[in-house]
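**Q** Chain by chain, the residues run as shown.
Number of protein chains: 4
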Amino acid sequence: MSNVEDALSELRNFVQEREWAQFHSPENLAKSIAIESGELLECFQWSGETGDAERVQSELADVLTYCLLLADRLGANPEELVLQKLQHTRTKYPVDKARGRSTKYDRL
Amino acid sequence: MSNVEDALSELRNFVQEREWAQFHSPENLAKSIAIESGELLECFQWSGETGDAERVQSELADVLTYCLLLADRLGANPEELVLQKLQHTRTKYPVDKARGRSTKYDRL
Amino acid sequence: MSNVEDALSELRNFVQEREWAQFHSPENLAKSIAIESGELLECFQWSGETGDAERVQSELADVLTYCLLLADRLGANPEELVLQKLQHTRTKYPVDKARGRSTKYDRL
Amino acid sequence: MSNVEDALSELRNFVQEREWAQFHSPENLAKSIAIESGELLECFQWSGETGDAERVQSELADVLTYCLLLADRLGANPEELVLQKLQHTRTKYPVDKARGRSTKYDRL
Chain S
1 MSNVEDALSE LRNFVQEREW AQFHSPENLA KSIAIESGEL LECFQWSGET GDAERVQSEL
61 ADVLTYCLLL ADRLGANPEE LVLQKLQHTR TKYPVDKARG RSTKYDRL
Chain C
1 MSNVEDALSE LRNFVQEREW AQFHSPENLA KSIAIESGEL LECFQWSGET GDAERVQSEL
61 ADVLTYCLLL ADRLGANPEE LVLQKLQHTR TKYPVDKARG RSTKYDRL
Chain X
1 MSNVEDALSE LRNFVQEREW AQFHSPENLA KSIAIESGEL LECFQWSGET GDAERVQSEL
61 ADVLTYCLLL ADRLGANPEE LVLQKLQHTR TKYPVDKARG RSTKYDRL
Chain P
1 MSNVEDALSE LRNFVQEREW AQFHSPENLA KSIAIESGEL LECFQWSGET GDAERVQSEL
61 ADVLTYCLLL ADRLGANPEE LVLQKLQHTR TKYPVDKARG RSTKYDRL
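Residue numbers (the working numbering), protein chains in the order written: chain S, 1 to 108; chain C, 1 to 108; chain X, 1 to 108; chain P, 1 to 108.
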């Protein structure tokens, strides 16, 4: 069974072998995340259907890869980032106000 | 120590309490990833410097959160998506051709 | 000399010949703008230099095309949208406070 | 009646008064287009309906504004960019193959 630490270890090795750390500034990684998220969105450009599930997974993998590299560059643990933010989001969207509604918190 | 399975379990619970699964189609999650990646990029809009590291981490957390939710919706394991894609990327960027260069594979 | 009305007239004809208006919901056009803006950003993924000016112009043309189609779909005049928004932005960024600074209005 | 040259002239004046040209590198403008296109997409995050038409127009205005500034920075005429690209797209999507279909050109 794989976990994030394994994935990060492989990614670090992949980057080091190619001497690519020099290109991986936080800014360049943030641009890369935006670029890859556009490619993911392209899977749904003209229809909401998941036509090609394999392609969706492949594009999602690219977004995730750059997210892990950025977290690593910032010295942050990806799971902890998610869990910390979730604590904050819970308070912005209390269950009794947010249930069954997609309204943004500032209009709840 | 937290791991992705813990984060996903908390996220699933958060979504279920709010009855939000109805909004989380793959298409809507892909849009959400693109939207949040724009907010992450905004941290670097006018400068490549990481001015506000806390804000960068907070925006990255949002992108990661929607990535985990989309992987979960597709029945995929996030770490395995990353590792599978890495196998593919290794063959597109052989070490001897790609070392120290940011050139795209189709122009290597 | 060309103007926006000429460009829109050609675009409308292009779309009509191909019976593509059915795909051009505001939502799909907004997704398309985000997708193409990712391709534009890819020109600057690893460097701030404008390496390939022709490619930058070609990707910018794609973003602009979908912007014109969306304005048309909304019954709005693109130049007037820009000028109206500029009136608003002037008040958010008074010259004496904003001069020479890239700070966002809510922190000026 | 306004046209693009009027809008550009006002934009140039707005930028000059604030001494903002120093921030408007092609790269920063490309990032800005991606950021604003994310805000436009947010109008359709959870639904394909155009709920708030005024907000959609306001976000579209932001994308358009940065597109005009980038075209100007590159010394290009926005309408001509659109018309030149359209010539190219016509050949990629011949009417008889593309009619009524949203298929990408490389799979037509």
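The hints are simulated quantities; they were obtained by calculation from the structure and are not laboratory data.
Please note: incorrect hints may appear among the correct ones.
Note: identical chains are not told apart, hence a pair may lie in one copy or across any two.
What the hints assert, rightly or not - Taking lysine to any residue and the SDA-like style, the derived pairs with C-alpha atoms no more than 20 Å apart in a straight line are:
#, residue 1, residue 2
1, 85, 4
2, 97, 26
3, 97, 74
4, 104, 76
5, 92, 11
6, 92, 3
7, 97, 6
8, 104, 50
9, 85, 72
All of these numbers come straight from a predicted model, not from anything done at the bench.
**Q** Does each hint hold? Answer for all of them.
**A** Hint check:
no., hint, verdict
1, 85 x 4, "both (18 Å within a copy, 14 Å between copies)"
2, 97 x 26, "neither (36 Å within a copy, 25 Å between copies)"
3, 97 x 74, "neither (35 Å within a copy, 28 Å between copies)"
4, 104 x 76, "neither (28 Å within a copy, 26 Å between copies)"
5, 92 x 11, "between (34 Å within a copy, 15 Å between copies)"
6, 92 x 3, "neither (30 Å within a copy, 24 Å between copies)"
7, 97 x 6, "neither (39 Å within a copy, 26 Å between copies)"
8, 104 x 50, "between (26 Å within a copy, 16 Å between copies)"
9, 85 x 72, "both (17 Å within a copy, 18 Å between copies)"
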